[in-house]
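Student: Here are the chains, one letter per residue:
There are 4 protein chains.
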Amino acid sequence: MILVLKQGTTPERVNALCAELKEKFGVQTWPSTGATSTLIGLIGDTSRIQIATVEMLDDVSRAIRVQEPYKQANRAFHPEPTHVTVGGVVIGGQRIVVCAGPCSVESEAQIRGVAADVKAAGAAMLRGGAFKPRTSPYAFQGLKAEGLLYLKNARGQTGLPIVSEITNPGQVELFNDFVDVFQIGARNMQNFELLKQVGQSRKPVLLKRGFANSIEELLMSAEHIISNGNPNVILCERGIRTFETSTRNTLDISAIPVLKAKSHLPVMVDPSHAGGAVYLVEPLSKAAIAAGADGLLIEVHQDPKAALCDGNQSLSPAQFAELMKKLKPVAEAVGREL
Amino acid sequence: MILVLKQGTTPERVNALCAELKEKFGVQTWPSTGATSTLIGLIGDTSRIQIATVEMLDDVSRAIRVQEPYKQANRAFHPEPTHVTVGGVVIGGQRIVVCAGPCSVESEAQIRGVAADVKAAGAAMLRGGAFKPRTSPYAFQGLKAEGLLYLKNARGQTGLPIVSEITNPGQVELFNDFVDVFQIGARNMQNFELLKQVGQSRKPVLLKRGFANSIEELLMSAEHIISNGNPNVILCERGIRTFETSTRNTLDISAIPVLKAKSHLPVMVDPSHAGGAVYLVEPLSKAAIAAGADGLLIEVHQDPKAALCDGNQSLSPAQFAELMKKLKPVAEAVGREL
Amino acid sequence: MILVLKQGTTPERVNALCAELKEKFGVQTWPSTGATSTLIGLIGDTSRIQIATVEMLDDVSRAIRVQEPYKQANRAFHPEPTHVTVGGVVIGGQRIVVCAGPCSVESEAQIRGVAADVKAAGAAMLRGGAFKPRTSPYAFQGLKAEGLLYLKNARGQTGLPIVSEITNPGQVELFNDFVDVFQIGARNMQNFELLKQVGQSRKPVLLKRGFANSIEELLMSAEHIISNGNPNVILCERGIRTFETSTRNTLDISAIPVLKAKSHLPVMVDPSHAGGAVYLVEPLSKAAIAAGADGLLIEVHQDPKAALCDGNQSLSPAQFAELMKKLKPVAEAVGREL
Amino acid sequence: MILVLKQGTTPERVNALCAELKEKFGVQTWPSTGATSTLIGLIGDTSRIQIATVEMLDDVSRAIRVQEPYKQANRAFHPEPTHVTVGGVVIGGQRIVVCAGPCSVESEAQIRGVAADVKAAGAAMLRGGAFKPRTSPYAFQGLKAEGLLYLKNARGQTGLPIVSEITNPGQVELFNDFVDVFQIGARNMQNFELLKQVGQSRKPVLLKRGFANSIEELLMSAEHIISNGNPNVILCERGIRTFETSTRNTLDISAIPVLKAKSHLPVMVDPSHAGGAVYLVEPLSKAAIAAGADGLLIEVHQDPKAALCDGNQSLSPAQFAELMKKLKPVAEAVGREL
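Residue numbers (the working numbering), protein chains in the order written: chain A, 1 to 338; chain B, 1 to 338; chain C, 1 to 338; chain D, 1 to 338.
This is chain A alone, in the form it adopts within the complex:
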């Protein structure tokens, strides 16, 4: 971190400020005085120092962070890519991992049917919502614990590991018994109580980017989980909120290479929520793989027209099987497998 001092700061005040910084933050200081202004470089662990705090100090005009405020999620301190293993499935390796399933678990028959179909088409994991956060209090809120049980049964039948969204810190124990991956939804990316709880487990966490959160904030939320003890974090880009209204969200395709450069964590993409329309799933899936994603999260429902949520962005099993065939050559074109 570099502090730019106000013009006219005297050498005595520079010394006093350096002493204050050392004591308060435990950092080394490195002042240097130029023709018109003095700078102080701070050396040591500055990730705990808030910009706003040091900018309040007398004589400080501006503080500039030279290093990112996250460490454990940072590629600079962990150059090798992290592989997260779920059941026998490796996320972040050579193979692109496709996780498919319905927005909501609606019945045991429904989830067993979808599970069999997506497995046959090449999916490596099964997704399904049991606790559904919904904008409207009048919309279907999910089957809750019953839904988790049906997901577990579907895993028993197919062997596919289960991903499901957790929405309350009090549910960690329940989810521990039923799912293989905790999904943190976009609306909870900064629900720090929830991040702390899943951070105290060792079970993998699929962390979705909030629709208005920056890439740095996503990595700070990953840092919350890792710093609580759980290194098994999978990042997920699912579209951000912009002025454009012709798609449900704007898929930030650049987030894939940016996250790969800044972090060692694997990156998945959710083209179903990003686009919000069936016809966009194929082009966005291809684009995500081409840009370097490690996996996809795709909504599949046996009868999209009858789905209790998100039917307009869900593929039928036949559409999903067709999609998997089309994605294969794209994966191979960028040196991956599907």
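The hints are simulated quantities; they were obtained by calculation from the structure and are not laboratory data. Do not take every clue at face value.
Stretches of chain D that chain A covers, calculated by requiring three or more beta carbons in the stretch to come under 8 Å of a beta carbon on chain A [said to hold, decoys possible]:
id: 1; region: 59 to 66
id: 2; region: 104 to 114
Derived Cβ-Cβ restraints for the label pairs, each shown as a range [claimed, not checked]:
id: 3; chain 1: A; residue 1: Lys144; chain 2: D; residue 2: Lys325; range: 55 to 63 Å
id: 4; chain 1: A; residue 1: Thr245; chain 2: B; residue 2: Gln28; range: 48 to 56 Å
id: 5; chain 1: B; residue 1: Leu149; chain 2: A; residue 2: Lys144; range: 32 to 40 Å
id: 6; chain 1: C; residue 1: Gly335; chain 2: B; residue 2: Gln7; range: 47 to 55 Å
C-beta atoms are modelled at their ideal positions from N, C-alpha and C, and glycine is treated no differently.
With the hints as your guide, set chains B, C and D onto chain A.
Tutor: This is chains B, C and D only, laid out in the frame that chain A set:
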């Protein structure tokens, strides 16, 4: 809700669709066939119907909502403005209510000192954070239950009702004993588990708009609280995320008259978080009052330079007293009192 | 267009309104009265009717456009994809067209050198700026007419058609003599005087999306050009402005399939400006091709470190040649050629 | 400007880099080496140096601008507020200046009528569009030169100075004869050819902020005009584009105090375009005055329902007169006159 059917839909299929809509959603249907297309009007309670769901139906090209999807927060169904009473303080009435205090409770002496100062300057309520959601896991997270106790003691001393942020559905009982208003922070505006819990209480709720949530979504979150049984909701505009970086957030000043037109709930404004800088608090506070806000939330710290969070946007007690003097004529100019 | 009337509008006023609409806008009207409200469907060419205008009419509560406000750029009225031919190069066909070159023409030697290099690597067109719109009045503004001359000479040497940005309606004649494609830059997408001028030519126009313009606005600007007589419009997505700051702009990858669905015009992508960094050019180029783009615009400079503008996002000729090799299998994976 | 060098840069390379910077940019260099990295401070006029250019240099890891890239619009170099005088009207002084009139001039009778009415109600200037940039090529484009003539006649009758939008660099001579203030519309804020032309005049320029342009970009566009010789620039905030759709744009009320802090130029606000609805004009006008605006731009039409554009946001003369009465006490509450 109006459904626009696909061109070429036969009368038989229009009839079948009407029957399906009646059975599925319990609404009346009103088809009308024009030269090139057929429309179906849906009459009854359409707030439970998702646009996406009906757009998946065969023959439907597009669904258009004519009424807002919220009812209990809607001014159309409740024309009189709601007054929320906290202690003896009325929010939404003639008097503009100022709630002041530090970002975080740091010690008992600190909060008692600020409480006395802001009361003397004319504040009607005391705010202070005990559980702090922080982007960085390395930043100060608050004094937690101890902070709540100090707030309660400050109320005992000054009589000022207490507003403090709740971050976990499991904390409702604890907060019930200590605070007068549950604050739902911007990051938790769509934490529906938390909204449900505070909705099952009767204690007033200050609901802050998420920094990337639309006005409609804010009102839908209010609907979550009211529909669970708690009508005492205060809305709060605190700035939204835009491309502009010269302020911490962009205060959406228009949200005040828009919320007043769409809803009967009182509206407060937080100029401290919106602007993120001391020099912006005065102009944004004046603007908020001029635009019709019912109250303000202002950060005050006895020594902003030493604050553990948000010091750069906190006023000193002297600055706050000065601000209150300047706001008085603006309130009077728009027919209110301070 | 559908008009929703205010509750309580009498049949007499419905009739009077229908008469007014017919006379004012030359459309057929199709009223239909339901239990709680009356709708009027407007049939005919409603693209000339502004929503705001009809919403001002007595008795009208809301106007809803059912059809897009553009016609000549609309796929619904022109189902076959448009191929734009420049020199012998076809844009919008089976082959993906890569247009490469420097941000600015800096000297004749420079542009001749780049032209030879990009041609050797497989580029089909040459881009280069002669008139440069720059945010700062102190930045390099381009070589102007001299730059155009050098571009023409580079075409003479290599045969590559020339794309260059026009910034002033008064330059059309000059550009007519020197370039093969008028480029309309993002900042001028709604410079309607300029659109009108290039619309009166028959020379192809590369129309870049403004960084804060919606897809519908992009198509309305295309409509300005086509309705003035020039059907040879190539659309170009180059990133939009969002809250995310880790990339120069946010490439809206979904714009490719959305534009393809809504319009018959070919779509190119500029990964250099979208990402604003060399390391992002390859993943974004691959993603664009995978998502269905018809071409790419790529900045190449012989010595990016010495470039007078945009050096940080320019590839060297060697990097460009390497990129072309990597894009080939991606194009083939989606059934195209490079 | 501060350059942060890459780790491991040797002293010899630091020296060589300093020499290169001196020669290339004519600045003084001030290197300082700390424990882990070396910084170089650049002293002199760095407003001509692009961040991107120096970040391409070998050994440079990052360049940080300490000063704003604009000088002539910068309050730091010009602490006294600028007063722009138009006819006898002073903008930026004690009195808040209201400029009112229709979106478009539609006929001589119309503009004469409005002019008389807004003058009677207290407006100090008359606005009206003659050349209208319209998103749709099928919308009314204005009366063009004829409209300017009618405006001039209305000035003859009322004495009110005229503000009208210029859209083409080729129109400067024409406008010189007819109007008192060149208005640069939001869509042309970065039409640098047009800025250059109006910069070569001495006639005042009302520069509207682009709906997706940052405050810094607005000041850079002012710099384009001033650096061409015209110091008479009036800035205008008119709403920015965000994700919120319940208002036409989002009025960035904070832009007023931010612009006042960063620049010496007067600041006006356009509440009509910002809100896009009649009911928002009053609260936004009051808020703008309360936040420190020097003037307002308000759309007034004698028969808003019959207006050829923007009728839904235009006040009638009676509504305007009423508004002026309500604004008076707000202006006085903040120590201004109306």
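Student: Look at each hint and say if it fits the structure.
Tutor: Right, here's what the structure says about each hint:
1. Residues of the region 59 to 66 of chain D with a Cβ under 8 Å from some Cβ of chain A number 3, which satisfies the need for three, so the listed coverage holds.
2. Counting residues of the region 104 to 114 of chain D whose CB lies closer than 8 Å to any CB of chain A gives 0, so the stated coverage by that chain is violated, three being the minimum.
3. For Lys144/A paired with Lys325/D, a C-beta distance near 58 Å keeps the hint of 55 to 63 Å intact.
4. A hinted range of 48 to 56 Å for the beta carbons of Thr245/A and Gln28/B is inconsistent with their spacing of about 30 Å.
5. Remark: the range hint 32 to 40 Å for Leu149/B to Lys144/A is upheld by a beta-carbon distance near 35 Å.
6. About 31 Å separates the C-beta atoms of Gly335/C and Gln7/B, a value inconsistent with the hinted range of 47 to 55 Å.
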